[in-house]
Amino acid sequence: MKKEHWVDAVINSTHQIKPAGTNPFWVIRVQQKIKNQQENRHAVIAAKWVYSAAACFAALLVLNILTFSNTAAKSSKNNIQSVIQQYGFMQTDYYFLDPSTR
Amino acid sequence: MSKLQLKAADLGAFMQKHQGRIYNAALNLLQNQLEAEEVTQDVFLEAYNKQQSFKGDASISTWLYRIAINKCIDILRKKQRRLKWTNPLKWMAAEALLPVEPTDFVHPGIVTENKEKAAILYNALLHLPVNQRTAYLLHDTEHLSYKEISEVLKTSIPAVESLLFRARQNLRKSIEKYYKD
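Heads up: the protein sequence lines correspond to chains A and B, in order. Numbered by our numbering, the letters in the first sequence go through residues -14 to 87 in order. Numbered by our numbering, the letters in the second sequence go through residues 250 to 430 in order.
You may find that some hints are simply not true.
Stated by the list, open to error - Simulated crosslink set (DSS-like; lysine-lysine; CA at most 25 Å straight-line): (1) A/-12 <-> B/426; (2) B/266 <-> B/403; (3) B/256 <-> B/304; (4) B/299 <-> A/33; (5) B/327 <-> A/18; (6) B/422 <-> A/-13; (7) B/429 <-> A/-13; (8) A/3 <-> B/266; (9) A/3 <-> B/364; (10) A/20 <-> B/256; (11) B/327 <-> B/403; (12) B/252 <-> A/20; (13) B/422 <-> A/-12; (14) B/403 <-> B/299; (15) B/403 <-> B/252; (16) B/396 <-> B/252; (17) B/364 <-> A/-13; (18) B/396 <-> B/304; (19) B/266 <-> B/299; (20) B/256 <-> B/266; (21) A/-12 <-> B/364; (22) A/20 <-> B/299; (23) B/304 <-> B/266; (24) B/299 <-> A/18; (25) B/299 <-> B/252; (26) B/426 <-> B/364; (27) A/18 <-> B/266; (28) B/333 <-> B/422; (29) B/429 <-> B/364; (30) A/-12 <-> B/429.
To be verified - Chain A side only, calculated, beta carbon under 10 Å to chain B, not exhaustive: (31) -13; (32) -12; (33) -7; (34) -1; (35) 0; (36) 3.
The set of hints was computed from the structure by calculation and includes no laboratory data. Bear in mind that the values here come from a model prediction, so they are computed numbers and not experimental data. Glycine included, each C-beta is placed from N, C-alpha and C at the ideal position.
Construct the entire structure; sequences and hints are all you get.
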């Protein structure tokens, strides 16, 4: 019984609570935050533009890699052909050629 | 009901009217003055930014309470997650409603002779699930009606009654552990 009363007293301890005081300067802080937001709104670039720029850059990078790999393969063949032509080698002179072209 | 038309210049009067209740609710729930101050300011910033979302189906104070409670719940969940990973033993003790350690928080509005008992109550409140704690504090310290609590928590009135019943039961169990003969 004594324990019950004690528990009740603990639970009722907040019944006469007075509201805690607030700070009048919070208004100024919030107004400052609003002002900062409005100033920064112009400086911030929308996410869609950032993502589209990143996608364009990635696409350009892929195209560059593809183009470079194609031209590199062609130019290695062309170099061998030009050496054959320049020195008048016959197509049977395989010892100069790449084993893969035999 | 009318929609909210808030300008930055009118914010002073608007905050003056509502900030006391919002701050006290946040302070009771978070038990931390700095966090409660931050939440109060963030509530009014969000209210200003999202004033179009106020439909007028509830009162402005209920809408502000809802914003504040959501922000407090976010902070409490983050703290719980952090405690779970940084101090699992303490987190398990809190889950099992065991007294972990007395908190040093007592609401500044508590009368002096009740401070010791209020400290136990605030400590016991920390062991309640967040929704029970919120319902209990909104009812017992903010004196909101069941209908208002149901609007703040976006739930039904019977659900609020059930939350309050379970909160009181759990609170009694938790407080009994502090009793010394």
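Okay, the hints, checked on the actual structure:
Restraint check for residue -12 of chain A and residue 426 of chain B: the C-alpha separation of about 10 Å stays at or below 25 Å, so the hint holds. Taking the CA atoms of residue 266 of chain B and residue 403 of chain B, the gap is near 24 Å; set against the 25 Å cutoff, the hint holds. A distance of roughly 17 Å separates the Cα atoms of residue 256 of chain B and residue 304 of chain B; the hinted pair therefore holds under the 25 Å criterion. For the suggested pair residue 299 of chain B and residue 33 of chain A, the alpha carbons sit about 22 Å apart, so the restraint of at most 25 Å is met.
Taking the CA atoms of residue 327 of chain B and residue 18 of chain A, the gap is about 24 Å. The hint holds against a cut of 25 Å. Distance check on the hinted pair: residue 422 of chain B and residue -13 of chain A sit about 15 Å apart at the alpha-carbon level, within 25 Å; holds. Under the criterion of a C-alpha separation no larger than 25 Å, the hint pairing residue 429 of chain B with residue -13 of chain A is consistent with the structure, at around 11 Å. Of the supplied pair hints, the one linking residue 3 of chain A and residue 266 of chain B holds, its CA atoms being roughly 17 Å apart against a limit of 25 Å.
Between residue 3 of chain A and residue 364 of chain B, the direct Cα distance comes to roughly 13 Å. Compliance with the 25 Å bound is thereby established for this hinted pair. As the CA atoms of residue 20 of chain A and residue 256 of chain B are separated by approximately 12 Å, the hinted pair is consistent with the 25 Å bound. Our distance criterion of 25 Å between C-alpha atoms is met by residue 327 of chain B and residue 403 of chain B, whose separation comes to about 22 Å. With a CA separation close to 23 Å, the supplied pair residue 252 of chain B and residue 20 of chain A stays within the 25 Å bound.
With a C-alpha separation of about 12 Å, the suggested pairing of residue 422 of chain B with residue -12 of chain A holds against the 25 Å cut-off. Between residue 403 of chain B and residue 299 of chain B, the direct Cα distance comes to roughly 18 Å. Compliance with the 25 Å bound is thereby established for this hinted pair. Only pairs whose Cα atoms come within 25 Å are accepted, and residue 403 of chain B paired with residue 252 of chain B is accepted, the gap being roughly 20 Å. Between residue 396 of chain B and residue 252 of chain B the CA atoms are separated by roughly 21 Å; this keeps the pair inside 25 Å, and the hint holds.
Distance hint between residue 364 of chain B and residue -13 of chain A is fulfilled; the C-alpha atoms sit about 20 Å from each other, no more than 25 Å. Note on residue 396 of chain B and residue 304 of chain B: the hinted pairing holds, with a Cα-Cα distance of about 17 Å set against a maximum of 25 Å. Taken as a hint, the residue 266 of chain B and residue 299 of chain B pair is honoured in the structure, with Cα atoms around 19 Å apart against an allowance of 25 Å. Among the hinted pairs, residue 256 of chain B with residue 266 of chain B is consistent with the structure: their alpha-carbon atoms are about 15 Å apart, no more than 25 Å.
Distance check on the hinted pair: residue -12 of chain A and residue 364 of chain B sit about 19 Å apart at the alpha-carbon level, within 25 Å; holds. Of the pairs offered as hints, the one joining residue 20 of chain A and residue 299 of chain B holds, with about 16 Å between alpha carbons and a cut-off of 25 Å not exceeded. Taken as a hint, the residue 304 of chain B and residue 266 of chain B pair is honoured in the structure, with Cα atoms around 20 Å apart against an allowance of 25 Å. With a C-alpha separation of about 15 Å, the suggested pairing of residue 299 of chain B with residue 18 of chain A holds against the 25 Å cut-off.
As the CA atoms of residue 299 of chain B and residue 252 of chain B are separated by approximately 12 Å, the hinted pair is consistent with the 25 Å bound. Using a Cα cut-off of 25 Å, the hinted pair residue 426 of chain B and residue 364 of chain B holds, with the two alpha carbons roughly 18 Å apart. Annotation: proposed proximity of residue 18 of chain A to residue 266 of chain B holds, straight-line Cα distance about 20 Å (limit 25 Å). Restraint check: the Cα-Cα separation between residue 333 of chain B and residue 422 of chain B comes to about 23 Å, which is no more than 25 Å; the hinted pair holds.
About 17 Å separates the Cα atoms of residue 429 of chain B and residue 364 of chain B, which keeps this hinted pair within 25 Å; it holds. The hinted pair formed by residue -12 of chain A and residue 429 of chain B meets the criterion: a straight-line CA distance of about 9 Å does not exceed 25 Å. Of the supplied interface hints, the one on residue -13 of chain A holds, with its beta-carbon coming within about 8 Å of a beta-carbon of chain B, less than 10 Å. Hint status for residue -12 of chain A: holds, given a least beta-carbon distance of 5 Å to chain B, under 10 Å.
Nearest Cβ of chain B to the Cβ of residue -7 of chain A: about 9 Å, under the 10 Å cut. The hint holds. With a cut of 10 Å, the hint placing residue -1 of chain A at the interface with chain B holds, because the nearest CB-to-CB distance is about 6 Å. The closest approach between the C-beta of residue 0 of chain A and any C-beta of chain B is roughly 8 Å, which is under the 10 Å cut-off, so the hint is satisfied. The beta carbon of residue 3 of chain A comes within 4 Å of a beta carbon in chain B, closer than 10 Å, and the hint placing it at the interface holds.
No hint from the list above goes unmet by this structure.
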